[in-house]
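**Student:** Residue strings, one per chain:
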Amino acid sequence: MRKLLFEALLKPILTETRPTADDAAVAQLADAVARTARKRLGRSLSIREVDAGSSNDSELEIHALNNAFYDVERFGIHFVASPRHADVLLVTGPVTKNMRQALERTFAATPSPKWVVAVGDEALDGGCFAGSYAVAGGVADVVPVDLRIPGNPPSPTALLKGLLALLDQADAR
Amino acid sequence: MTDIREGIFEGKRVERHHGWPRFEVDRDGWIRAAEALAHGRLALAGLWGEKAAIHMAVLAEEGGSAAVLTLACPDLTFPSVGRVHPPAIRLERAAHDLFGLVPEDAPDLRPWLDHGRWGVRFPLGAREPAPASGVPYTFLPVEGESLHQIPVGPVHAGIIEPGHFRFTANGETVVRLEARLGYVHKGIEGLMQGATLARAAELAGRVSGDSTVAYAFAFARAAEAALGIEAPPRAVFLRALMAELERLANHLGDIGAICNDAAFALMLAHCAVLREQVLRTAEASFGHRMMRDRIVPGGVACDLEPAGAAAVASLVKEIRARLPALIELYDNTASLQDRTVGTGMLKPELAREFGAGGYIGRASGRSFDARRDLTYAPYDRLAFEVPVMQEGDVNARVWVRIREVEQSLSLIDQILELMPQGPLRVQTRTPGTPVEAAAMVEGFRGDVLVWLRIGADGLVERCHPRDPSWFQWPLLESVIEGNIVADFPLCNKSFNCSYSGHDL
Numbered sequence: 001m002r003k004l005l006f007e008a009l010l011k012p013i014l015t016e017t018r019p020t021a022d023d024a025a026v027a028q029l030a031d032a033v034a035r036t037a038r039k040r041l042g043r044s045l046s047i048r049e050v051d052a053g054s055s056n057d058s059e060l061e062i063h064a065l066n067n068a069f070y071d072v073e074r075f076g077i078h079f080v081a082s083p084r085h086a087d088v089l090l091v092t093g094p095v096t097k098n099m100r101q102a103l104e105r106t107f108a109a110t111p112s113p114k115w116v117v118a119v120g121d122e123a124l125d126g127g128c129f130a131g132s133y134a135v136a137g138g139v140a141d142v143v144p145v146d147l148r149i150p151g152n153p154p155s156p157t158a159l160l161k162g163l164l165a166l167l168d169q170a171d172a173r
Numbered sequence: 174m175t176d177i178r179e180g181i182f183e184g185k186r187v188e189r190h191h192g193w194p195r196f197e198v199d200r201d202g203w204i205r206a207a208e209a210l211a212h213g214r215l216a217l218a219g220l221w222g223e224k225a226a227i228h229m230a231v232l233a234e235e236g237g238s239a240a241v242l243t244l245a246c247p248d249l250t251f252p253s254v255g256r257v258h259p260p261a262i263r264l265e266r267a268a269h270d271l272f273g274l275v276p277e278d279a280p281d282l283r284p285w286l287d288h289g290r291w292g293v294r295f296p297l298g299a300r301e302p303a304p305a306s307g308v309p310y311t312f313l314p315v316e317g318e319s320l321h322q323i324p325v326g327p328v329h330a331g332i333i334e335p336g337h338f339r340f341t342a343n344g345e346t347v348v349r350l351e352a353r354l355g356y357v358h359k360g361i362e363g364l365m366q367g368a369t370l371a372r373a374a375e376l377a378g379r380v381s382g383d384s385t386v387a388y389a390f391a392f393a394r395a396a397e398a399a400l401g402i403e404a405p406p407r408a409v410f411l412r413a414l415m416a417e418l419e420r421l422a423n424h425l426g427d428i429g430a431i432c433n434d435a436a437f438a439l440m441l442a443h444c445a446v447l448r449e450q451v452l453r454t455a456e457a458s459f460g461h462r463m464m465r466d467r468i469v470p471g472g473v474a475c476d477l478e479p480a481g482a483a484a485v486a487s488l489v490k491e492i493r494a495r496l497p498a499l500i501e502l503y504d505n506t507a508s509l510q511d512r513t514v515g516t517g518m519l520k521p522e523l524a525r526e527f528g529a530g531g532y533i534g535r536a537s538g539r540s541f542d543a544r545r546d547l548t549y550a551p552y553d554r555l556a557f558e559v560p561v562m563q564e565g566d567v568n569a570r571v572w573v574r575i576r577e578v579e580q581s582l583s584l585i586d587q588i589l590e591l592m593p594q595g596p597l598r599v600q601t602r603t604p605g606t607p608v609e610a611a612a613m614v615e616g617f618r619g620d621v622l623v624w625l626r627i628g629a630d631g632l633v634e635r636c637h638p639r640d641p642s643w644f645q646w647p648l649l650e651s652v653i654e655g656n657i658v659a660d661f662p663l664c665n666k667s668f669n670c671s672y673s674g675h676d677l
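Protein sequence lines, in the order shown, are assigned to chains C and U.
The letter at position 119 of the first sequence is residue 119 when you use the numbering used here, and the numbering goes up by one with no holes.
The letter at position 207 of the second sequence is residue 380 when you use the numbering used here, and the numbering goes up by one with no holes.
It is worth saying that the hints were derived from the structure and are not from the lab.
Glycine is no exception: its CB is placed at the ideal position from the N, C-alpha and C atoms.
Mixed in with the good hints, there may be bad ones.
Unchecked claim - Cβ pair distances, simulated, as ranges:
1) C:L5 with U:A371: 42 to 52 Å
2) C:L5 with U:A659: 49 to 59 Å
3) C:D71 with U:A330: 19 to 29 Å
4) U:A330 with C:P144: 21 to 31 Å
5) C:L5 with U:E579: 21 to 31 Å
Unchecked claim - Calculated cross-link-like contacts (lysine to aspartate or glutamate; reagent style EDC-like; alpha-carbon spacing at most 16 Å):
6) C:K3 with U:E501
7) C:K3 with U:D504
8) U:K490 with U:D586
9) C:K11 with U:E491
10) U:K224 with U:E634
11) U:K224 with U:E301
12) U:K185 with U:E208
13) U:K520 with U:E564
14) U:K224 with U:D248
Using the sequences and the hints, build the whole thing.
**Tutor:** Laid out in structure tokens, this is it:
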């Protein structure tokens, strides 16, 4: 273990430079973040991830945000275990009918001010699962959505751009 | 290959069913097959419904042959397989929820996928309107002194899929775990009915996102077998390359994540870097980090350019250079070994009874790998070993995965070496009469089965994708028994069953 740790000191850092916040996301957020208070948020965002019916691909890419290349915590963005601790609900979907109530309850358990970010094409409108007897629709059909990050699934860079836009906008107020 | 029916059941072979044989059996034949499952002469590989019929897929454990059995159920009842062979119980509950088929004398008829939220009962069968207000679920009773219950989920503390776990514990020790799943049921089988092949292939690739290549591969093979077409040789090799990259990415990520659940974050940090490098190579070579929608019926949707092949070759080199130090780290960290050795034991008898696939079965002595035992191109031309261990604990599951990473690296070398030139895709055709097929592909988690019937018009009449998790989830409940609550995340991660693939 000592050898590995020592080698890590000598190797170049893998972490990549900050991507610019996504323009489309900034525009989307202008409205949503009008409700914010930078004083309350400080320079951090606490995120509670909710899988409302995804096929687990978005979860893999959200996980990747924590690896050495993206290192999301350096921006003050971190994932928390309870909605009670969260500023942001990061929701992947489609929202299945069997998960609808759990999503509503998680939303209700999150203190205000709060934002909901819908992640992935299926979370926008149900995507290729729209129309199924078992699918309630996109995230916005169940809880109010502030930001949409499209993708199939969105790459970690796309996720990071969206989250940075959220952080910047929250900061600007 | 011997006839799988021999000495077990009688049945009439169905023409136009390809890949494996399908037999129409009567009630007696169905019951005999169920008994053969109970006695371990056959292993259950799937059980699914149709409007007035029930199907089951079986494997002959030695000999590498497989078959589908069908029992017509005009009165919507069939003799329960779960009555004598517990691995069938959840599959029968699902067939009941979706089609209204009733397994006679079934030991458990509680709803499984149907949480009373759909507004319809038997959505793929009689479609009876029903309230959508939800029905309470009765967990199995637990009796004893000083027991307490811990309900967990469906929304969990980590970035994982939803499901409910009901622990009954005596102090720190788990005496029973019962899972309730079905939360991410999206009705994929319903969406596939009447879909074009292209749309159904897209849906198959979204059954379980971590296995998108394996599902697309299995679906494409089933469709091609049914239509009597063959993917060109180059496409076949590209498919295997994608399948091995997917296996690498998942194994590397999970080896790190298992160690992280034992509070050893260093391993996760290093493994996550390797996983990311696999995904980046996939993007550079195939244009998508998870290689989704790259395998299509008839072939593949994109080629591998020389630059892509070079990227894959240097990825293999990089992983080979970095892996030994990580293996050594895993093997020589006593505090980590203390958590993984002896934790979450899966008995070989149970792994065999449930036909547990993937690293879960192979870490408990069940030597089955669809790439070898029901071999398909190009694996019939590649040399590889199937690592098997007997211990059945978290440590054994980690080691099987480490050995499989090494095998995948060697397979990728061979694939790049043997990769032929040529076309990437043949056209699918409209069959004119209904055709059927079954195909099995070894995904990273285990064997993925796709059963498919294409109508005369070329549209999908019925498709059933069966995730390996169906036969792994029930075993997790057995594995955690007698372990402490704090070891559950470790056991769960070492299984890493798919919620989405199971819930469909």
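**Student:** Determine for every hint whether it applies to the structure shown.
**Tutor:** Status of each hint after checking the structure:
no., hint, in the structure
1, C:L5 with U:A371: 42 to 52 Å, "holds, 50 Å"
2, C:L5 with U:A659: 49 to 59 Å, "violated, 26 Å"
3, C:D71 with U:A330: 19 to 29 Å, "holds, 21 Å"
4, U:A330 with C:P144: 21 to 31 Å, "holds, 24 Å"
5, C:L5 with U:E579: 21 to 31 Å, "holds, 25 Å"
6, C:K3 with U:E501, "holds, 11 Å"
7, C:K3 with U:D504, "holds, 15 Å"
8, U:K490 with U:D586, "holds, 10 Å"
9, C:K11 with U:E491, "holds, 15 Å"
10, U:K224 with U:E634, "holds, 11 Å"
11, U:K224 with U:E301, "holds, 14 Å"
12, U:K185 with U:E208, "violated, 19 Å"
13, U:K520 with U:E564, "holds, 8 Å"
14, U:K224 with U:D248, "holds, 10 Å"
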